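K.L.:
Generate coordinates for the entire structure from the input sequences, incorporating the hints supplied.
Each chain, written out:
2 protein chains.
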Amino acid sequence: MTRLVMKFGGTSMADLERIRRAARLVAAEADAGHKVAVVVSAMSGKTNELVAWTDGAGKASGKAIEGDDEYDVVVASGEQVTAGLLSMTLRNMGYDAVTMLGWQVPIITSDVHGKARILDIPPAKLETALDAGQIVVVPGFQGVTESGRITTLGRGGSDTSAVAVAAAVKAIRCDIYTDVDGVYTTDPRVESKARRLKKISFEEMLEMASLGAKVLQTRSVELAMGQRVPVRVLSSFVEPGENVDQGTIVCDEDEIVEKHIVSGVAFSRDEAKITLLGLPNKIGVSAAVFAKLAEANINVDMIVQSEKRSGDYANQLFTVGRRDAKAAADLMLSVKEEIGFDDIKVDENVAKVSIVGVGMRSHTGVAQTMFQALSEKGINIQVISTSEIKISVLIDEAYTELAVRALHAAYGLDKIGA
Amino acid sequence: MTRLVMKFGGTSMADLERIRRAARLVAAEADAGHKVAVVVSAMSGKTNELVAWTDGAGKASGKAIEGDDEYDVVVASGEQVTAGLLSMTLRNMGYDAVTMLGWQVPIITSDVHGKARILDIPPAKLETALDAGQIVVVPGFQGVTESGRITTLGRGGSDTSAVAVAAAVKAIRCDIYTDVDGVYTTDPRVESKARRLKKISFEEMLEMASLGAKVLQTRSVELAMGQRVPVRVLSSFVEPGENVDQGTIVCDEDEIVEKHIVSGVAFSRDEAKITLLGLPNKIGVSAAVFAKLAEANINVDMIVQSEKRSGDYANQLFTVGRRDAKAAADLMLSVKEEIGFDDIKVDENVAKVSIVGVGMRSHTGVAQTMFQALSEKGINIQVISTSEIKISVLIDEAYTELAVRALHAAYGLDKIGA
Numbered sequence: 001m002t003r004l005v006m007k008f009g010g011t012s013m014a015d016l017e018r019i020r021r022a023a024r025l026v027a028a029e030a031d032a033g034h035k036v037a038v039v040v041s042a043m044s045g046k047t048n049e050l051v052a053w054t055d056g057a058g059k060a061s062g063k064a065i066e067g068d069d070e071y072d073v074v075v076a077s078g079e080q081v082t083a084g085l086l087s088m089t090l091r092n093m094g095y096d097a098v099t100m101l102g103w104q105v106p107i108i109t110s111d112v113h114g115k116a117r118i119l120d121i122p123p124a125k126l127e128t129a130l131d132a133g134q135i136v137v138v139p140g141f142q143g144v145t146e147s148g149r150i151t152t153l154g155r156g157g158s159d160t161s162a163v164a165v166a167a168a169v170k171a172i173r174c175d176i177y178t179d180v181d182g183v184y185t186t187d188p189r190v191e192s193k194a195r196r197l198k199k200i201s202f203e204e205m206l207e208m209a210s211l212g213a214k215v216l217q218t219r220s221v222e223l224a225m226g227q228r229v230p231v232r233v234l235s236s237f238v239e240p241g242e243n244v245d246q247g248t249i250v251c252d253e254d255e256i257v258e259k260h261i262v263s264g265v266a267f268s269r270d271e272a273k274i275t276l277l278g279l280p281n282k283i284g285v286s287a288a289v290f291a292k293l294a295e296a297n298i299n300v301d302m303i304v305q306s307e308k309r310s311g312d313y314a315n316q317l318f319t320v321g322r323r324d325a326k327a328a329a330d331l332m333l334s335v336k337e338e339i340g341f342d343d344i345k346v347d348e349n350v351a352k353v354s355i356v357g358v359g360m361r362s363h364t365g366v367a368q369t370m371f372q373a374l375s376e377k378g379i380n381i382q383v384i385s386t387s388e389i390k391i392s393v394l395i396d397e398a399y400t401e402l403a404v405r406a407l408h409a410a411y412g413l414d415k416i417g418a
Numbered sequence: 001m002t003r004l005v006m007k008f009g010g011t012s013m014a015d016l017e018r019i020r021r022a023a024r025l026v027a028a029e030a031d032a033g034h035k036v037a038v039v040v041s042a043m044s045g046k047t048n049e050l051v052a053w054t055d056g057a058g059k060a061s062g063k064a065i066e067g068d069d070e071y072d073v074v075v076a077s078g079e080q081v082t083a084g085l086l087s088m089t090l091r092n093m094g095y096d097a098v099t100m101l102g103w104q105v106p107i108i109t110s111d112v113h114g115k116a117r118i119l120d121i122p123p124a125k126l127e128t129a130l131d132a133g134q135i136v137v138v139p140g141f142q143g144v145t146e147s148g149r150i151t152t153l154g155r156g157g158s159d160t161s162a163v164a165v166a167a168a169v170k171a172i173r174c175d176i177y178t179d180v181d182g183v184y185t186t187d188p189r190v191e192s193k194a195r196r197l198k199k200i201s202f203e204e205m206l207e208m209a210s211l212g213a214k215v216l217q218t219r220s221v222e223l224a225m226g227q228r229v230p231v232r233v234l235s236s237f238v239e240p241g242e243n244v245d246q247g248t249i250v251c252d253e254d255e256i257v258e259k260h261i262v263s264g265v266a267f268s269r270d271e272a273k274i275t276l277l278g279l280p281n282k283i284g285v286s287a288a289v290f291a292k293l294a295e296a297n298i299n300v301d302m303i304v305q306s307e308k309r310s311g312d313y314a315n316q317l318f319t320v321g322r323r324d325a326k327a328a329a330d331l332m333l334s335v336k337e338e339i340g341f342d343d344i345k346v347d348e349n350v351a352k353v354s355i356v357g358v359g360m361r362s363h364t365g366v367a368q369t370m371f372q373a374l375s376e377k378g379i380n381i382q383v384i385s386t387s388e389i390k391i392s393v394l395i396d397e398a399y400t401e402l403a404v405r406a407l408h409a410a411y412g413l414d415k416i417g418a
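So the protein lines, in turn, are chains A and B.
As numbered in my numbering, residues 1 to 418 make up the first sequence, in order.
As numbered in my numbering, residues 1 to 418 make up the second sequence, in order.
Rather than coming from a laboratory, the hints here were simulated on the basis of the structure.
Treat each hint with caution, since some may be false.
Said to hold, decoys possible - Distance windows between CB atoms, simulated:
| # | chain 1 | residue 1 | chain 2 | residue 2 | range |
| --- | --- | --- | --- | --- | --- |
| 1 | A | N297 | B | Q227 | 38 to 44 Å |
| 2 | B | A52 | A | N297 | 39 to 45 Å |
| 3 | B | R228 | A | D120 | 45 to 51 Å |
| 4 | A | D120 | B | E49 | 33 to 39 Å |
| 5 | B | G154 | A | A124 | 30 to 36 Å |
| 6 | A | T128 | B | E49 | 31 to 37 Å |
Stated by the list, open to error - DMTMM-like cross-link-like pairs, simulated, lysine to aspartate or glutamate; straight-line CA separation at most 25 Å:
| # | chain 1 | residue 1 | chain 2 | residue 2 |
| --- | --- | --- | --- | --- |
| 7 | B | K115 | A | D96 |
| 8 | B | K125 | A | E146 |
| 9 | B | K198 | B | D414 |
| 10 | B | K170 | B | D31 |
| 11 | A | K46 | B | D55 |
| 12 | B | K46 | A | D15 |
Since the structure is predicted, the reported quantities are computational estimates derived from the model, not experimental observations.
Quick reminder that beta carbons are idealized off the backbone N, C-alpha and C, glycines included.
P.N.:
What follows is the structure, given as structure tokens:
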């Protein structure tokens, strides 16, 4: 019998009726002969409520609460509740289910509370229970340090828990049940002709997740890629039997027979463009700018230094997450004299649109198609960045949907067979 | 430095503002030089919500969920949340606080899930933290089995957790902060002249708790008595400084200088009177009746066999909790032929009123005063039961308040100095 990991997100655990539906899906896989481990999120909204309480407790004296191990004690409780409820429901359907909390498995993590990383999952207890025919329910998002303190992985960490458990027990696959029925060529709310992908490679999924597709958490994709755990994303709003051959499988590129040149169009509005005007055109100046930003933990995404005004001065342009824009601008102003630039401009009305596809490696003209499609719609490209399998452009935010639809059509994504 | 245990109930943990007030009370005791361990309940209402969810999960197929270890996984989460929030609040006030969950302490319990009993609390971890100057916050109501499964103690179990922690760390006292400001001579809602007792003996408190006073859970008083842990009951709706010399101390009888003959009047409406008419007056018949009830886990309180109809037949009268009345009556009817009685009567319009006091041991005429006071008000006594330090009477429920007030006056309880 093969082992299978199934993961249910917050909307799939939102109330008892949804928990019962999840239980039916789990039971069906057990009936089909799988040894099943289930990873669950907290009821949707519950984690937000718990976090708000910790904010309130933390604000008693105005001090920060980040990295507080007591934050994890509070917030980890949400998944404990749904895990117990799912186990009870399965038992009442006649299945032998058992909850194993983070400290019981154990899921050993680093001690960076609130943002811990999974270090190790000794598989013995999980395997013993699975081999004894038990359905093991594990709360996602939580773990325990070597010294026995509860940790949480940071928001969205339940996907990562599921993949890590799948790797630990050598599961044939990790099925992520969520509120969408798979990975699409782009967001169907923007392009109604978006098609569900039957398969996508780890590398493409990783780019898509990083570039704004919210289907899977980036870290979970990294882990699946590193551990070679096939992941299937599919809808939890189905009954047993309806989930056969559904969803999108995220797997090794080698296992994808019909490769697309471009698999998807991703976009993100969480962008801000910062321009430093009149920067001395000297060695080390750019390095100084980005060193300051790195020290302040501000992530810089796209960088371009192109608009020279004269031989001695250049303009330095970079993008950061929109929520970091003010902090980045304030930081730059505080070192204006030290670095020596004339002025700073912050533009939050920008969006990043990207095309992703492993086929780019072997096909030429992909970028040309992109630029032409955007040009035909009168969309100005402000910044370009590329990797081996993606091209991103920064554009005026107002053109986001237009750009997405234009690119979706240009690469024939509306004709991909699901 | 002496060790002190402080316990806060659900109303004292109901929201962040109340948690902050509890934190101020804890901080004040730490400032006064105590090494403090705190035991907390879940936010009021939270446990009911969690239990309702487990009921829902359990009802998926209509099966019972009692004794389900997954019930405990779900329900124990409520105290985990308040423990973490209180620790965070204390930290933000500048105190070194740490939560230790049931499995971290560990609080070792039996494996009767949902109704576990504390077996052992190895004090090493608690003592190490306390001696290092940490305020240790322990969620009440929860523990862990020897095999590492989460347990809960049953409703009201947080008082018991607090007393057990106090015994484990040899605390000078266990302060139970609750929504009343002490133990009263009777319920102030019934008799406005009720007075707060400065001290009450363990034995009296145990009788009061068993007889319907809801201030402390019976099991916690038993434990405090067995372990000789002084308990103080006081209001959590005070600010630091206001709690000095407040509340009621439950302690050894020897430590009470000014002993009262009667310390309190307790009453319970959770009573039902069952009469079996025309029972054969033979050896073994009564034993058969009570054996049947015991097998069905129905607790019998008062028993009297007095109303003989003739030499061969008697009427057997006993009382049970009102919620057990129907089950007891149905059970008796099912064995009517076997035991051989004529008819059964069930009366749910009864109440039990009791006087409690260690002074009864050495004073005569206490019962006489009770019967006379009730007689003067025209209250008929249906059944009487006594122990060394209490006398209980069963009366028509309609006379409950009248009886309580009459007895309160008859023993001069309105003149006790708090």
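K.L.:
For a C-alpha distance cap of 25 Å, please report whether K46/A and D55/B respect it.
P.N.:
This hinted pair holds, its Cα atoms lying about 19 Å apart.
K.L.:
Holds or violated: K198/B with D414/B, Cα cutoff 25 Å?
P.N.:
Answer holds: K198/B to D414/B is near 14 Å, not above 25 Å.
K.L.:
G154/B and A124/A, beta-carbon distance inside 30 to 36 Å?
P.N.:
holds, 33 Å
K.L.:
Has the hinted range 31 to 37 Å been met by the Cβ atoms of T128/A and E49/B?
P.N.:
holds, 34 Å
K.L.:
Has the hinted range 39 to 45 Å been met by the Cβ atoms of A52/B and N297/A?
P.N.:
holds, 43 Å
K.L.:
For the pair supplied as a hint, K46/B and D15/A, confirm whether the alpha-carbon distance does not exceed 25 Å.
P.N.:
Holds, at roughly 16 Å.
K.L.:
Does the Cβ distance between D120/A and E49/B fall inside 33 to 39 Å?
P.N.:
holds, 35 Å
K.L.:
Can you let me know if the beta-carbon spacing of R228/B and D120/A is within 45 to 51 Å?
P.N.:
holds, 46 Å
K.L.:
Is K170/B close enough to D31/B, meaning Cα to Cα at most 25 Å?
P.N.:
Distance ~20 Å between K170/B and D31/B Cα, so the pair holds.
K.L.:
Between K115/B and D96/A, does the CA-CA distance stay at or below 25 Å?
P.N.:
Satisfied, since the Cα-Cα distance of roughly 22 Å is no more than 25 Å.
K.L.:
Does the hinted range 38 to 44 Å hold for N297/A and Q227/B at CB?
P.N.:
Cβ of N297/A to Cβ of Q227/B: about 52 Å, so the range 38 to 44 Å is violated.
K.L.:
Verify the proposed pairing of K125/B with E146/A, using a straight-line Cα cut of 25 Å.
P.N.:
Between K125/B and E146/A the Cα gap is close to 16 Å, so the pair holds against 25 Å.
In this structure, the one hint that does not hold is number 1.
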